[in-house]
Every structure is written in C-alpha cells, then in structure tokens.
Amino acid sequence: MLLSAENLSVSRGGIAVLEGVTLALAPGQALILRGPNGAGKTTLLRTLAGLQPLLKGTLQADEGALVYAGHADGNKGALTVRENLEFWAAIFGGGDVHPAMDTYALASLADRPAAQLSAGQKRRLGLARLIVARRAVWLLDEPTVSLDTAATAMFVAAVRAHLDAGGSAIIATHIELGLDEAAVLDITPFKARVTALDDFDEAFL
Amino acid sequence: MIALLIRDLRLAVRAGGGFGLGLAFFLIVVVLVPFAVGPRADLHRVIAPGVLWLGALLACLLSLDRIFALDHEDGSLDLLATAPLPLEALTCIKALAHWLTTGLPLVLAAPVLGVLMNLPAPGYVPLILSLALGTPALSVIGTFGAALTVGVRRGGLLMSLLVLPLYVPTLIFGAEAARRGADGLSYSTPLIMLAGITCGTIALLPFASAAVVRVNLR
Amino acid sequence: MASLWEYANPRKFIATSDRVLPWVGAGALVSLTVGLIWGFFFTPEDYRQGASVKIIYLHVPAALMAINAWLMMLVASLIWIVRRHHVSALAARAAAPVGAVMTVIALVTGALWGQPIWGTWWVWDPRLTSFLILFLFYLGYIALWSAIEDGDTAADLTSVLCLVGSVFALLSRYAVLFWNQGLHQGASLSLDKKENVADVFYLPLLVCIAGFVLLFVALVLMRTQTEIRARRMRALLARERML
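These protein sequence lines map, in sequence, to chains A, B and C. Under my numbering, the first sequence has 66 at position 81, and the numbering climbs by one with no breaks. Count along the second sequence from 1, add 5, and you get the number used in my numbering. Count along the third sequence from 1, add 181, and you get the number used in my numbering.
Errors might be hidden in some of the hints.
Said to hold, decoys possible - Which bits of chain B does chain C cover? Going by a derived footprint, with three or more residues having C-beta under 8 angstroms, they are:
| hint | segment |
| --- | --- |
| 1 | 151 to 157 |
| 2 | 174 to 184 |
| 3 | 195 to 205 |
| 4 | 217 to 223 |
Claimed, not checked - If you want a taste of the chain B side facing chain C, the calculated C-beta under 10 angstroms gives, among others:
| hint | residue |
| --- | --- |
| 5 | Leu59 |
| 6 | Leu63 |
| 7 | Leu67 |
| 8 | Ile146 |
| 9 | Leu162 |
| 10 | Leu166 |
| 11 | Leu169 |
| 12 | Pro170 |
| 13 | Ala213 |
Unchecked claim - Simulated restraints, written as ranges between beta carbons of each label pair:
| hint | chain 1 | residue 1 | chain 2 | residue 2 | range |
| --- | --- | --- | --- | --- | --- |
| 14 | C | Ile298 | A | Pro38 | 39 to 49 angstroms |
| 15 | C | Leu320 | B | Ile197 | 27 to 37 angstroms |
| 16 | B | Val42 | C | Ser327 | 48 to 58 angstroms |
Source of the hints: derived by calculation from the structure; they are not laboratory data. For glycine and all other residues, C-beta sits at the position ideal for the given N, C-alpha and C.
Construct the complete structure from the given sequences, taking the supplied hints into account.
Following this line, the structure appears as structure tokens:
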C-alpha cells in the first residue's frame, strides 16, 4: 500500500467535518473523491498531505511519497515557465523538466513569464509540477478547474501514465474525467455527526 | 535549499520584487532627519549612529511582509510545506534571502549616508561592523514576526507591533557599539553582545518560526 | 486524590472558580482597603520624601503584579503547548489585559512619584524603560490574540510569541541596564533584609501586595470564565450550523 488511512476523522477550524474515513491506495490505483461543496474534500486532502493534524484514526504513507496540488498553483508570475518547473524539480530532488513540459504542451511557452499565461495555461503549469516532483502518490484538489477539453485530456493521459508507472492518485473533482479504471469514493456518508451536548469538555461541546 | 534561495533572490530583483525599495527608504529617512532637527552639523554628528541604526531597522521592517505573504497568497507555501524541505530550513533560507536583499545593501550603503550625517571618522568601522553583525538578527527576528502574521489579512501593522519590541536588544547593542565608536571609545563589549544575540537568534528562532508557519497553514 | 488536571476541564473550572471567586474577591477588597488606609493615613511620612512616599502602596504591588502576570502567562502558555488544555490558553489570554493595566499603573504611579523626588516625570532609567518595553510586549500579545479568528490557532501563535517574547524581554532588561545606569532606587523588598524599607512601611505594604495578588487572581478567574463562555457560545453556534 502506498497510502492507507483507517477510521480517519478530520476537522476544519476545530470542528470535525468527516469521521470514519477508511481508504487505501495500492500502486496503479486511482481514487476519485466526490461530494457536494463544503463536504470536506479539501480538508481530507490537506490532512492526507500532512498540512493539517488528524483528529482521530491512523494514517500511513511512505515518507516522501506524497505530492499535493491545491486550488492555488504556486506559480511565481515573475519567473518563466521553465524556471518555475526547474525550481520545483530542484526542490523535489532534481530531474529533467522536458517530459513534464511535453505532457502539458508547455514547450512553446517555456520562456514566457508565468504572469502572462492564461488561467488554463497556469493550471497546466501547476499540474506539470506533479510530474517533475516524481512522487508516488498525487493528491489533487479540483485539478481540472479552468482546463479546456484538450487540456483535460492531457491531464487524464498524464494520470494514466503515472498509474501505469506504478504511481497512484487521489482526485477530488466534480466532472467526469473518463478515468474509468478509478475507484470512486463518495464522502457524503462520512459527514461527522453532531456530538451530544452533554459531553462539554475540552472541546467546549 | 540553494534552489529556493536562488528563486527568492531572482524574484526580488525581477519586476515587482521590491529590491532596492528598502534601500531607498533608508536614504529618505536619513535625509528627512536633518529637516526635522534643523541644519546643525554638531547635532547631526551626535545623533548620526542612532539615526543610521534606526533607519536601517525601519527599512528592514518594511520589507518583512514580503517574506511569507506572497508565497502564502499564491499557494506555494502550502506546496513548500509538503515538499521534502523541512520548514526550519525553509525559514532559514527565507531569512537569509531577506538579509541578502535588504540587510546587506543597507550595510553597504550606511557609510555613504554616514557622510550625509557628519558621522565622525572613527565611527565608520564600528558602524559597518555593528550593522553587519546586527542586521542578520533583524532578518531572523523579522522572519519570525512575518511567520506569526502570515494568516492575517493586511497584517503589516500587527507585524510591526509584534516585531519592534523584539528588536529592542539588537538596536540597543548595535547603536551603542556605533555610538561608542563614533565617540572614540572602545566598542568591543556591545559588539560582542550583539554578535551573541545574532548567533542566538539564528540558532533558535528558525524553530519557532517553523512551528508558527505550521500552525498558520492548517 | 484527584489530579490537578481535572480543573483543566472547562465545566469543572467554572464550577470551582464560582465557589472560590467570592472569597478571593472579598479577600482582595478587605486587604486592599485595610492596606491602603493603613498605608495612607497611619504611617509616618518619610523624612526625605515626605507624603509622596505613600504612593509606594500602589506602585510596588502593581509593578510586582505586572511581572508576575507575564510569568503566569508564560506558565499557562507552556501548559497549553505541552498538554493542550484549553482553559490554560484562555487563562493566559485573560491575564494579559490585567497585566497590561498593572504595568500602566506602575508606570503612572512611578511618574507621579518621580516628579517631586527626581524633579522629572520621566527618565530613561533602566527599570522604567524595562517596564515600558514590557508594556509593548503586552500590547503585541493582546493584538495577536484579537487578530486571529480561530481559537486554537490564536492560542498556538500567542503561546509561541509569549515564549519568544519572554526571552527577548529578559534580554531587553539586561540590554537596558547596559545602556543606562539609572536613578531608580534598589529593590524596595528583598529577602535578605539589608535594603528593605523600614518596618513601619513594610507591614502595610505586604497587606497591599496580598490585596493586589488576590485582585489579580479574582480578575483572571472572572475573565477566564468569560472567555470559556464565549468559546462555548461559538462552539454551540458552529454546532447549530452543522445540524
């Protein structure tokens, strides 16, 4: 297992939003998270990425196996596309950035400052970062926002290539990616129940 | 780590990076002081070390909110926190980049502004020495302040309120060394104390800064 | 025997402090009344300082509590960091404004005292300057608490600030001593009796100090209760939204 979580409870702003989430990812597997806005997809992903402490449960992942991509791409507008990618490649241990640029058709934009890219192009640059990071588990939060059909197809192809190479991915999304081999997890049933008023203790409830 | 340093330096010198703003601010503050206190060379000579130190400190303070705020806005702080780089190293690099883009230019510019303030001849060496030893502490302490307020919208004023009291010991010893030097006295004691503060803050504060960034990201 | 940490439960804390508060409050009222009246009207005037010496009954206890309040905040912050008891963090938050006011009282009474004795309202004396710096630390601490919405985040950040601030406050104290040797007299009270004020002033001063300590405890207990209730209210509202 690349990543496994058991009976996980996650919280946002000190209040539990999800509880009892159990999931496991083997190499080559992808998992699509579904659920209405505010259900806790982002919170779950951030917790899996280690940005937030978990409330309860156990989380097992290889040290340095994860890479996270949130709503913001983390591109620096003053740096060119190539510089942005080379920076992330260096941070994640070096490597060639050309395959990533080819995957997302960024080669022709390589020397353009990221500030001059369109929203979709910026997103492609943000997704290309995942490839240069060369991590096994991708944690993706709404990766297809502002991507057109062609770019979405590039993304799906990139995910497939990643899975074929023994990686895995958790993708929170609202659209149909056409990634039929992926398992789907609807997180709505895991919504945290309201605790009884009586146990007014440390958490003030 | 080197990649992060290079990126931060590159961002600082490119358009909109704000490199040189701190230096310009330093110049303006020092130019304004004689307008405020009157054109008396004897008075300028006395207050020169203090004014130069205070100007450098304020210039440092002004540029602090760039350390984490921009990275927080565009999401790269989240991504850096999940990258293999420990947050302690991240805060060290951030402080170093801040010092290289703000503190070091201030140290180099201070003698020129010393001429404007009629700084006595024996005061130049201790002024440069004290600024060179003290500005790293200002950057490291400032990084801590910036880390504390990274989640606060328009936290600039709050950050000043938090950081300025922390600057007191550095300012006292730094300005004291420069002052004693300008008066022709021995300045080794305050300089050693200043070096001690700088070493202590560099050794310990990055841990506090990293802890605080972690809290602010969740 | 029950563990001390039981009182870290908010409900238990409120129940216990409700029982203790009247006694502490009454104790503060009695000892302050007795101490101040005794000090102001039934002690002789100092042969050098005249009647102005009597401000000692406000100045010294306030100055003591200004420092002790910060120490209490430091301990509470450490407890929060290590054991994560919410009451501890809220008690630190509750103590800060009280400590800040104590610092202001110490500074103002010091200025009133200094005017006739030193002939000036303010000197950049190490002690006075240290208190001014302490006041700035209080301001920053309070401002950080009020700037951050999420309770636990604010508690974490202010605890770290309190820890770092304590080190820097101590550093500032020595830096200021180095910077200017002062006018201020030595400690008014110390355990080796050499420097102490005369016994006639000493006893009412002790009563006043006890009064200030009790007043501080009462205020902090009350304010902590308020913070706990405010926190509970917010938790209930959040729960409402989830239903």
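Double-check Leu67(B) for me: the hint is only fine if its C-beta lies closer than 10 angstroms to a C-beta in chain C. Because about 18 angstroms separates Leu67(B) from the closest Cβ in chain C, which is outside the 10 angstroms limit, the hint is violated.
Verify the coverage statement for the segment 217 to 223 of chain B against chain C, using a C-beta to C-beta distance below 8 angstroms and requiring 3 or more qualifying residues. Satisfied; 4 residues make the cut.
Note whether the CB distance of Val42(B) and Ser327(C) lies within 48 to 58 angstroms or breaks it. violated, 37 angstroms
Can you take a look at whether the segment 174 to 184 of chain B is actually covered by chain C? Rule is 3+ residues, C-beta closer than 8 angstroms. holds (count 4)
For the hint on Leu63(B), does the least C-beta distance to chain C fall short of 10 angstroms? Violated, about 16 angstroms.
Within the assertion that chain C covers the segment 151 to 157 of chain B, do at least three residues meet a Cβ-to-Cβ distance smaller than 8 angstroms? The restraint on the segment 151 to 157 of chain B holds, since 4 of its residues have a Cβ under 8 angstroms from chain C and three suffice.
Against chain C, run the beta carbon of Leu166(B) and see if the smallest gap drops under 10 angstroms. holds, 5 angstroms
With a cut-off of 10 angstroms, does the beta carbon of Ile146(B) approach a beta carbon of chain C closely enough for the hint to hold? holds, 8 angstroms
With chain C as the partner, please determine if Ala213(B) meets the hint condition of a C-beta pair closer than 10 angstroms. holds, 5 angstroms
Quick check on Leu162(B) please, does its C-beta sit within 10 angstroms of some C-beta on chain C? holds, 9 angstroms
Confirm or reject the coverage of the segment 195 to 205 of chain B by chain C under the rule of 3 or more residues with a beta carbon closer than 8 angstroms to the chain's beta carbons. With 3 residues close enough to chain C, the hint holds.
Between the beta carbons of Leu320(C) and Ile197(B), is the distance compatible with 27 to 37 angstroms? holds, 31 angstroms
Of the hints listed earlier, those the structure fails to meet are numbers 5, 6, 7, 14, 16, in rising order.
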